[in-house]
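Given the coordinates of chain C, work out where chain P should sit on it, guided by the hints.
Protein sequence lines correspond, in order, to chains C and P. Going by my numbering, the first sequence opens with residue 1, and the numbers climb by one from there. Going by my numbering, the second sequence opens with residue 313, and the numbers climb by one from there.
Derived from the structure by calculation, the hints contain no laboratory data. No experiment lies behind these values; they were computed from the predicted model shown. All C-beta atoms in this analysis are idealised placements derived from N, C-alpha and C, irrespective of residue type, glycine included. Just to be clear, a hint being listed does not mean it is correct.
Short, incomplete list of chain P residues facing chain C, as computed with Cβ under 7 Å [to be verified]:
id	residue
1	G392
2	L393
3	D427
4	R431
5	K740
6	A1046
Just so you have them, the derived chain P footprint on chain C, three or more residues with Cβ under 8 Å [what the hints assert, rightly or not]:
id	region
7	161–169
8	203–217
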Amino acid sequence: MLRHLTLLSVLLAPLAAQDAAPAKPKKKPDGRNLFLMVCATCHGAEGKGDGPLKVVPRPRDLTSGKFSFGNTRKAILHTVENGIPPAMPPHKDLLNEAQRLAVVEYVMTLMPEQIEMDKKLSTLVVGERPVFVRGALDGHPRGLVLGLPGGLTLAWDCENLRLLGIREGAFVDRTDWRERGGTPLELLGTAWPACGDVAFPAGARVDLRATEVEGQVARLEYDVRFSEGATPVRVVETVRGVIAPEGKLVVRTLTTSAPLALLASEPKAPVAKGEVWRASTKRDATTWVLTTVLAPEWNTAVDARVRAEVAR
Amino acid sequence: MKALAASLLVTTLASQNPEAKAWKAEYLQPPPDTAIEVGGMAFLPDGTLAVSTRCGQVWFVDHVLDADPKAVRWRLFAEGLDEGLGLAVKDGALFVLQRGELSRLVDKDGDGHCDRIERVAAGWGLSGNYHEFAYGLPVDAAGNFYATLNLGFLDKAWWHGKSLGRWRGWALRITPQGVVQPIASGFRSPDGVALSPHGDLFVTDNQGDWMPCCGVFHVREGRFYSHPAGLRWPSDVDPSDTVPPKADRTPPAVWIPYGLSRSTGNLAWDTSGGKFGPFAGDCFAAELTNGLVVRLLLEKVRGEWQGAALAFRHDVGSAHRLLFAPDGTLLIGLTNRGWGGAGKAHGITRVRFTGDTPMEITKCALVADGFDLTFTHKVTSEPAALSATLQLYDYAWWWKYGSPEFLRDPLPCTLTRNGNTLAVRVPKGRLEAGYCARLVLSGVVGDGGRPLLHEQIDYTIHQLVDGPPATKLVAREVVPPKTREQEAEGWVQVHDAATLGGFAKHDGWKLADSPGIGGDTGKLVPKAARDAQPGALLCESGPAELVTRFPHGDAHVRLEFMLPRGGKAQVLLQGRYGIVLADTLLGSTDAESCGAIVCGTQRVAPRQQTYEHAGEWNSLDVWFEAPNLLPDGTRNRKARIARVEINHRVEINQSKLVVDPDRWRIHEDVDVEAEDERAEAPLVIRTEGPLALRRLEFRALKDTSTERAVRTFTGPELVHALPDLPVDETLRLACRLGAGGDAVLTVDGVGVRLNRSRAAQKEKSGSLVGLAAVTSNLIPLDDTWFELEVVRRSKLAQVRVNGILVAQSAVPEGSGKSAVTLERHDAATVVELR
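Just chain C, with the same shape it has in the complex (with noise of 0.2 Å):
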């Protein structure tokens, strides 16, 4: 420790005679020259805690951004000029106030600079036009979210196109966008009850080709298929939200390539689960209409709604 202390004052030496002479233009310290020559005999040229004077316990390696009072400019300050007891002297009287500030600049500077991603950057908003959105969803890593103008979002398993729920609110959180990534996406918002549908058979292949935004038209592609190397039956879904005074809809008109029975399990005739509608209309062979509704009751406005929705 008296070594350490002795070896420091030797290099301070000249800093303190050059701050004594007098009457030279007053120029802003350099932080890092001053580094080298006060700190890193203990912190290393390169601050990593390696420095020559191999002190014990090993100084901090200061390019780990971690430091004993937090890593602001104040609390680095508060270490320059009081340093911690007993292997880093205080340097309040041997740097003046500009060169411990220098210092602490150049310190700071050595920092690893993280992206911090909090809640607010990676909360995404809805626009004018539908979003789509792939990440992992809870217990479904190839997951699809759809955002509507108006506030509904949509959820799908990738693997099979099943639909897992309509919110409506906030969008999404993107949780994958903090630390090293992957983890699920948080589906903000206020889920509707029993809203998600097996809409193919079991046994059914289901693979996503594409999605697509249209104006305010959102588009899902997907082929199916029932057997290994059968020709796909490729189906079109649109999806659209509608906020309307006798409740809020979301339509989905599916178009597949060829007639298809898979839709079997829907139920033809509204029916209701809490305040959630859901019915199913075959326009022709090749379109069905599946619209899910939230209102209090199923009365003559909403079934009126809903027709013209379904023949739109």
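Okay, now just chain P, sitting in the frame of chain C:
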């Protein structure tokens, strides 16, 4: 301000860095409030640069090659993708490799935004593990894409990479029709995929388990390279995490030493024909952690690629992706979020040749008994001033994270200069294949007094140029280090991370995943984190006390603790002899600081301070010898704290593989005394404020291990009489159970539970059935041997696990018969005894 500080760093360091004289680095500033964490780059036919990012966006960047870096303009083309760690432009179309699919991105209406995303291929497994990245995306002349799939990482402490879905750990070819063809396995975290100008496929991988350091692999169909996890496919038989597989292993062309690269990104070849300087044709590797570009000097020896690695350009930011522009500019895509890194965390750095050719090695050719080095300039050093050290080293190929370099004694070598070449020779027969050779030159000066830019070069020698073909691999197979289960033998975990059953008193404590310091509050709070260690114990506000259910005598006690800023607590061995836990200033060694011993008025300061930080996990290890008390209550030996270490058990890090054993020791042989001393008593942890704990474990200092033949109990017969077990008053044996196993060992009418069930509330191993329940898992892992001691006296039964008393109860008078039976709960339970 942070960005400004970082800009200053680049500018300042660049001016100090001699590499900067020859290769100028300029930062292309991303738009504000964006994260351009580059995963892939390619030029569109019109010269626009397309960039995919880890945030699943695709940006179009204009004016990338303008003289003024400030001229660069960014346009968001697509978003909402699930990462984008590879991007390719093929026949004018844009392709992005997402985590779960290869996609074609289309702008149908020509408004500059992607409106249609077509899935080209998705034929690989995705389990949901956070680490299942997909990397790419070179395209060959036939239009095939190439990609690699990361393993999943489940276990932070040991980093066993696992292939949790089909073809994870493989390199893939994806045909233009979207057919996925797995071509080679053995990869861990293969973050770089590239086709060389010769058409060879190369994959880079990152150091870790079964990957001693970062490697650059020349990939051939059907080969196995290094990490066994991917061998699970196609048969779906999971290989061992720890035992080397019986598979022919092909080594990488080059192992890049840890000092140069810790996280290698992708590769790029300088095809600029000299516009980038004197290294035309060379291969360059992005290095993220150290923030530099590495140069690879590859050559074919006996038909196989091998060669050397050396530094090229530092201070470029966290280099992840490299791309040469048509004008010879090297574009470096940056990212470091969660992966570590140096310098700039996102955006693009461009590096251009200034025309000032430095003195540097251009070629390193292996010859018989040495190397022929070629330089950019004539070597003008005086022969006497030239020297070099040449050292061979190899690595261990094992399940541990990375490998140290096993250095051999330096080889004597001679240097002979001739124009711009230098012949490095060692005595005949001393250069060996199956090693890396580290050559460090000294005194090399070129024309005009130019000093050599980089003096160290590491050459991976798979084959010598003459002699019989070598079979030794640089990463040599070794006897596997102890498995995690073997390491766990002898320990009793007091806290099993799932219950509070190991504690008799725990008011104010709760289970919390991944505690940490919360924002500006400075307090410890539970935090959600992807690699959360489950089940830490958290006291959010003190004072509070934690008392173990089990007493300890002579024992090695260990735990990990996290304090908030200014936090203070004590670990009281046997509830009496205290060790201070305190958020202590670096270097503080007074009697109040972390690690100080406190017993009544006795205070012993630690001889050094090795505590790390508030908000970080620190480890404490104490070797304690209980007082020796005679039956009359007198004491003939004081209690002794034989040894205390703080932070000896830190995350495995290559730089810490060889450590001074005293480095972490803060006390040795301190006699302590207290009132009302006992041979065995519970441990107490007392905290004044917030404190987090995990991995609290006891290990009896007395060796209780038994060595007998192993008997395995399995099959449909569930009840097994054990007439031959030597029982008088005490039964001693060792047991081992797999996950979910459940059985009862009955000794003269008293049942002892053996249980690894996940169900809460169930009597766990060590319970006296119906009499004294142990409700936490005492054995840290499944399939781990533990010592069981059952004492069955006339009116008392006791159970010790690994020497620790875990259950006792008054029992009815025994029959005196030494009947021992084992009853397995179900046929799936396998019990081993010895």
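Outcome, coverage of the region 161–169 of chain C by chain P - at least 3 residues whose beta-carbon is closer than 8 Å to one in that chain: violated (count 0)
Within 8 Å of chain P (C-beta), three or more residues of the region 203–217 of chain C: holds (count 8)
Proposed interface contact between L393 of chain P and chain C, which counts if any beta carbon pair is under 7 Å: Interface hint status for L393 of chain P: holds (6 Å vs cutoff 7 Å).
Chain C contact restraint for G392 of chain P - C-beta distance below 7 Å: 4 Å, holds
Hint check, A1046 of chain P versus chain C [nearest Cβ-Cβ separation less than 7 Å]: With Cβ-Cβ at 40 Å, over 7 Å, it is violated.
D427 of chain P as an interface hint toward chain C, with CB separation required under 7 Å: The hint holds - D427 of chain P has a Cβ within 7 Å of chain C, the shortest such distance being about 5 Å.
R431 of chain P as an interface hint toward chain C, with CB separation required under 7 Å: 5 Å, holds
Evaluation of the interface hint that places K740 of chain P against chain C, nearest CB under 7 Å: 39 Å, violated
Checked against the numbered hints above, the structure breaks hints 5, 6 and 7 and satisfies the rest.
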